[in-house]
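Q: We have chain A already, so just place chain S on it with the hints.
There are 2 protein chains.
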Amino acid sequence: MSDVKVPSPTLRRLPKYLNYLRRLQELGEVAISASTMSRDLDIQHTQVRKDLAVTGVQGVPKVGHKIDILIDAIEKFLDWNTLTPAVIVGAGNLGSALLGYRAFQRSGLSIVEAFDLNQDKIGQKLHDVTVYHIDDLVNHVKAKQIPIGIITVSAKAAQNVANLLVDAGIQAIWNFSHEKLNVPPSVIVEDVELDSSLAELSYHLKQRH
Amino acid sequence: MSDVKVPSPTLRRLPKYLNYLRRLQELGEVAISASTMSRDLDIQHTQVRKDLAVTGVQGVPKVGHKIDILIDAIEKFLDWNTLTPAVIVGAGNLGSALLGYRAFQRSGLSIVEAFDLNQDKIGQKLHDVTVYHIDDLVNHVKAKQIPIGIITVSAKAAQNVANLLVDAGIQAIWNFSHEKLNVPPSVIVEDVELDSSLAELSYHLKQRH
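Chains as they are written, first to last, in my numbering: chain A, 1 to 209; chain S, 1001 to 1209.
A couple of the hints might just be wrong.
Distance windows between CB atoms, simulated [said to hold, decoys possible]:
#1 A:T130 - S:R1039: 33 to 43 Å
#2 A:R208 - S:S1038: 48 to 58 Å
#3 S:H1127 - A:G123: 18 to 28 Å
#4 A:Q58 - S:H1209: 24 to 34 Å
#5 S:Q1047 - A:D167: 30 to 40 Å
#6 A:P61 - S:H1209: 30 to 40 Å
#7 A:G56 - S:A1155: 24 to 34 Å
#8 A:D135 - S:R1039: 48 to 58 Å
Quick caveat, the hints were computed from the structure, so don't treat them as lab data.
Ideal Cβ placement from N, Cα and C applies to all residues, glycine included.
Just chain A, same shape as in the assembly (with noise of 0.2 Å):
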């Protein structure tokens, strides 16, 4: 694959950057120096530079960057310049926060369908979302040939939504259950680990007593 170049650590990094860019466009700032961000982000120089530099943007001597094009470089760079549809599967209550969930347009997801087992649930509009039967979930995303499936429901119930999509040709999968997802290799799975947060947090915590 020609992305081993970037490293994990660097791709995890950018959506603070661009948060960090973002709300100083939003205080009417133009241009930043690497090491402002370097002390505001408590990152080092030289690993902001380097960070920076995946995204082909290089910074001007005095004038360090322009606030608008950094953002633009690392929205391109993510592919976050455009909306990819995605399609939800489980509209309990974390699938229904994520739909709630504006800021993710401006991380170019789209969420554009929902799906669920429970009849209550089924024919209803979660913020602006219809809810669907699981079982119309392979017909519609290979209709619509969506590439990003969210997993939000059970432990449980992960692998077998997980196959579901496989069939449905899903390109990649953001599982937020905590299963651990057996799926082709040509398909790619994102896991959100809340639990390791909470691990390092708590393990933390424990020390300080």
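A: Relative to the frame of chain A, chain S by itself:
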């Protein structure tokens, strides 16, 4: 600090083992070998042994690990065998979803109160947790000596909320906002990086095309 020796990736993997072991236990299994864990979780065999060693348990040749002992060791190591009280600030979609996420109780987290600015929400119960006005936050958290604050407000509001939590003597902040928080070094901050996870997914998806 005495926790320097436990690498962050190990900490972050422990919940994966825990979820996996709990599932096996539900299925009636009593023992498991490190090599089976390695295969099922797609983590190298030597890594599995190193990860589990931090909890103090050791496998028995031929028998492997007793599942109940391993679950207990991981839970104690993460302090997940007792419930630690937390408050959540921001009772919007995400806050409400987290309140409804009962699985947190299996991760040692008990969300006892919620806070918001929105008058329509004050006094309501969301998933059995009462929503109070944010003006009551400092008094409530101080009085009950709540150690964990969960921030689910917008990036713009997050620093102000963090300041209130610090004033109230909070020990750790689980930050779901996109804001980089400035807090005294004595306060633990763990950022939940949904955007980072989505950045990995988006970039790898783009590389396919």
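Q: Hint numbers the structure violates, sorted upward?
A: 2, 8
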